[in-house]
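Novice: Quick note, the sequences are listed as chains A and B, same order.
Residue 1 is where the first sequence starts when you use our numbering, and the numbers rise one by one after that.
Residue 327 is where the second sequence starts when you use our numbering, and the numbers rise one by one after that.
To be clear, the hints were calculated from the coordinates, so they are not data collected in a lab.
Note that CB positions come from ideal geometry on N, CA and C, so glycine has one too.
Don't take each hint at face value.
Derived contacts from chain A toward chain B, CB cut-off under 7 Å, selection only [claimed, not checked]:
#1 A93
#2 D94
#3 Y223
#4 Y241
#5 R321
If you anchor each label on the Cβ, the simulated ranges turn out as follows [what the hints assert, rightly or not]:
#6 B:L621 <-> A:I113: 50 to 56 Å
#7 A:P249 <-> B:G419: 36 to 42 Å
#8 A:L4 <-> B:V528: 36 to 42 Å
#9 A:T217 <-> B:A337: 42 to 48 Å
#10 A:V116 <-> B:A395: 25 to 31 Å
#11 A:F142 <-> B:P396: 24 to 30 Å
#12 A:N162 <-> B:A395: 35 to 41 Å
#13 A:V316 <-> B:R462: 30 to 36 Å
#14 A:T322 <-> B:R462: 43 to 49 Å
#15 B:H633 <-> A:P249: 53 to 59 Å
#16 A:T322 <-> B:S479: 28 to 34 Å
#17 B:V528 <-> A:T322: 43 to 49 Å
#18 B:V528 <-> A:L256: 42 to 48 Å
#19 A:V216 <-> B:L621: 55 to 61 Å
In case you want the letters, here they are:
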Amino acid sequence: MTFLLRRIAFYALTAWAAITLNFIVPRLLPGDPVTALMGRMQGRIDSNAEQSLRVLFGLDQDLSLWQQYTAYWAMLFRGDLGLSFTHFPTPVADIVGQALPWTVGLVGVATIIAFVLGTLVGIAIGWRRGTWADGILPVSTFFSAVPYFWVGLITITVFAVNLRWFPSNGSYDRGLVPAFTGEFVGSVIYYGFLPALTVVLSSVAGWILGMRNMMVTVSSEDYVTVAHAKGLPGHQVVLGYAARNAILPQVSSFALSLGFVVGGTLIMEMVFSYQGIGYTLYQAVSTHDYPLMQGCFLVITLSVLVANIIADFAYVALDPRTRKED
Amino acid sequence: MSAMSAKTTTAEPVLEIRDLSVDYGYGDDPTHVLRNVSLTLNRGEVLGLAGESGCGKSTLAYAATRLLAPPGIITSGEVLLTGRDGRRADLLGLTDGQLRSTRWQDVAIVFQGAMSSLNPVYRVGRQLVDGILAHRKGMPRVQAEERAAELLSMVGIPADRLRSYPHQLSGGMRQRVMIAMALALEPQVLIMDEPTTALDVVMQRQILEQVMELRDRLGFSVIFITHDVSLLVEVADRIAIMYAGEIVEQAAAGDVYRRPRHPYSHGLLGSFPPLHGPRRELSGIPGSPPDLRRLAPGCPFAARCPHVMDVCRTDRPVLGPTAFASTGPGVATAAEDGRLVACHLHAQGSGPVPKALAR
Ligand SMILES: Nc1ncnc2c1ncn2[C@@H]1O[C@H](COP(=O)(O)OP(=O)(O)OP(=O)(O)O)[C@@H](O)[C@H]1O
Ligand code: SF4
Ligand SMILES: [Mg+2]
Chain A
1 MTFLLRRIAF
11 YALTAWAAIT
21 LNFIVPRLLP
31 GDPVTALMGR
41 MQGRIDSNAE
51 QSLRVLFGLD
61 QDLSLWQQYT
71 AYWAMLFRGD
81 LGLSFTHFPT
91 PVADIVGQAL
101 PWTVGLVGVA
111 TIIAFVLGTL
121 VGIAIGWRRG
131 TWADGILPVS
141 TFFSAVPYFW
151 VGLITITVFA
161 VNLRWFPSNG
171 SYDRGLVPAF
181 TGEFVGSVIY
191 YGFLPALTVV
201 LSSVAGWILG
211 MRNMMVTVSS
221 EDYVTVAHAK
231 GLPGHQVVLG
241 YAARNAILPQ
251 VSSFALSLGF
261 VVGGTLIMEM
271 VFSYQGIGYT
281 LYQAVSTHDY
291 PLMQGCFLVI
301 TLSVLVANII
311 ADFAYVALDP
321 RTRKED
Chain B
327 MSAMSAKTTT
337 AEPVLEIRDL
347 SVDYGYGDDP
357 THVLRNVSLT
367 LNRGEVLGLA
377 GESGCGKSTL
387 AYAATRLLAP
397 PGIITSGEVL
407 LTGRDGRRAD
417 LLGLTDGQLR
427 STRWQDVAIV
437 FQGAMSSLNP
447 VYRVGRQLVD
457 GILAHRKGMP
467 RVQAEERAAE
477 LLSMVGIPAD
487 RLRSYPHQLS
497 GGMRQRVMIA
507 MALALEPQVL
517 IMDEPTTALD
527 VVMQRQILEQ
537 VMELRDRLGF
547 SVIFITHDVS
557 LLVEVADRIA
567 IMYAGEIVEQ
577 AAAGDVYRRP
587 RHPYSHGLLG
597 SFPPLHGPRR
607 ELSGIPGSPP
617 DLRRLAPGCP
627 FAARCPHVMD
637 VCRTDRPVLG
647 PTAFASTGPG
657 VATAAEDGRL
667 VACHLHAQGS
677 GPVPKALAR
């Protein structure tokens with residue numbers, strides 16, 4: 001129980017620090033984004049709206065920093081992340097809320113595929129060292145060593161431009177109305193295939209290598225020898241004894257990589273013009289849309305934190321040694 | 327035929343290791359760690375195997391059970407197991423399926439690293455049960471769990487410990503769990519590789535006494551591996567002394583202790599204080615075991631032997647009868663009963679055997 005409480009306290013503190021940082025950093029930036037916005041809007045915003053923007057943006061000099069800070073927390077609790085500059089006056093929360101499912105869906109699924117595939121291959125070549133299967137290693141390592149955008153560009157050139165098997169960008173056929181129909185879902189999968197493939201290609205090697213090395217280490221543990229000596233069937237020794245222990249570090253890095261799904265897909269979404277959170281962040285940066293940037297950063301930070309929590313609890317669930325109590 | 331009376335009936339081998347050789351490493355220059363080791367375990371007996379660290383005791387145990395991990399390879403030999411039906415089979419020639427069914431049912435082993443022999447992520451009960459169920463296909467799980475509880479109480483651990491994880495048990499408890507596990511299917515042969523070295527002396531004795539008591543009750547045969555000969559003298563029926571990958575002496579336990587025939591056995595006995603009686607000065611053996619990667623021809627003990635002769639540096643001594651005739655009535659010309667030694671001092675015509683080795 002104390003373990004749980006300590007972890008919760010730790011995460012609460014981390015979340016507080018992240019959110020506070022998110023509050024402070026834009027206020028340290030030089031320049032006045034509201035004036036810049038007014039210039040861009042060329043008089044389409046009246047002075048009342050300008051004043052409320054300043055309040056929202058913490059550019060209101062009449063309020064003390066502390067008052068701004070409490071107001072900021074109040075806004076967060078209402079789910080209000082302010083209004084986007086470029087898509088004025090759409091709330092940032094709406095934009096982020098629309099982009100997030102695409103990223104989580106595409107990269108999340110691709111990450112899970114890469115993890116499962118890589119772990120299975122890692123088990124196989126870690127258990128049967130010195131067979132032809134070891135040849136997978138250099139190939140997959142090659143793909144993870146090549147910069148990500150390069151892998152993306154190559155797959156686009158080969159599969160979209162030359163072979164014309166898949167579209168080179170976008171997330172679904174724009175002629176379709178988003179709905180839960182077979183046609184639309186099929187289109188999403190069709191458009192998502194190439195980006196997912198590149199994510200899998202460039203990340204699977206890490207999983208293979210990690211699992212293989214742990215399998216090699218664990219295979220020489222005494223309890224694996226005992227499992228053999230007991231005359232357990234081969235699959236039970238490999239999965240129940242060797243892989244079951246070898247997967248522990250793998251699981252914690254998996255949960256962490258889920259955290260980077262949201263933040264780490266910037267390049268993929270840029271290469272494929274995919275409408276996820278990374279692409280949104282990219283646009284926000286290039287148009288100086290500070291509220292949107294802030295919203296994206298907040299979501300990314302919190303998702304890494306949530307992933308950490310998942311990693312912690314998954315590890316505790318899988319490894320009884322971490323459970324001090326009982 | 328009964329296992330209980332094996333000590334008094336004629337010796338019936340249950341596990342016979344013949345000419346077993348093991349190399350570590352492949353390629354042109356492997357290390358020959360075991361060289362033509364032969365050893366016979368009779369039904370119902372406790373056979374002790376002793377020798378300094380690194381002489382190949384564990385390697386012998388692993389090789390005989392085909393658990394040797396790469397880069398270890400068995401280059402020659404046979405391991406004949408006499409089944410419950412009296413049929414003999416070479417373990418080294420079994421198919422994977424046959425080997426799996428022989429393991430744990432016929433030969434169970436408690437490893438040197440018993441501290442790490444339990445899978446840390448499973449409860450103790452599960453690990454006892456899966457071994458049972460692997461060999462008793464139709465057995466309901468509940469029944470296997472009952473058996474597991476019974477096994478734990480047999481080694482003096484309360485049955486509710488089945489729900490514990492290994493890290494929640496003390497070292498002595500883990501060791502006993504391993505012994506209980508090894509006895510789960512009432513094997514014919516139990517190999518124990520230094521089962522108690524990680525424990526304190528009191529715990530060592532306690533566990534050892536328990537094993538011997540269980541052996542009297544269940545009638546299995548034991549190969550007991552240790553580097554502590556004085557411990558063996560108390561529990562073993564016969565003792566084999568190993569040096570640098572070879573067996574150098576083999577005899578009844580009391581004989582090895584009181585009348586060692588090999589200079590190495592003599593030295594080894596001096597390395598440990600007797601458990602009872604006055605503490606003797608530890609003489610030890612000067613020098614250290616040879617590097618197995620670069621064994622010179624001749625006797626591997628030559629560099630440390632106080633009785634070394636010229637022939638020792640050129641010719642390797644082989645395991646054979648001692649220089650003494652049996653003392654029993656009417657068998658004046660037979661070899662000393664069941665004693666074997668690998669030393670040129672005992673070869674015919676090599677002059678009188680030194681006093682210390684002729685008691
Ligand atoms: N994996 C290995 N690769 C190469 N050499 C090895 C390997 N394992 C063991 N050896 C060598 O084989 C020899 C015998 O080792 P073994 O573990 O059988 O000794 P032991 O008699 O059990 O010693 P101890 O009393 O310390 O347990 C040693 O000299 C060791 O260096
Ligand atoms: S053979 Fe020679 S060197 Fe070896 S133990 Fe006997 S006397 Fe000593
Ligand atoms: Mg050993």
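Novice: Broken hints, numbered, in rising order?
Specialist: 1, 2, 12, 14, 17 and 19
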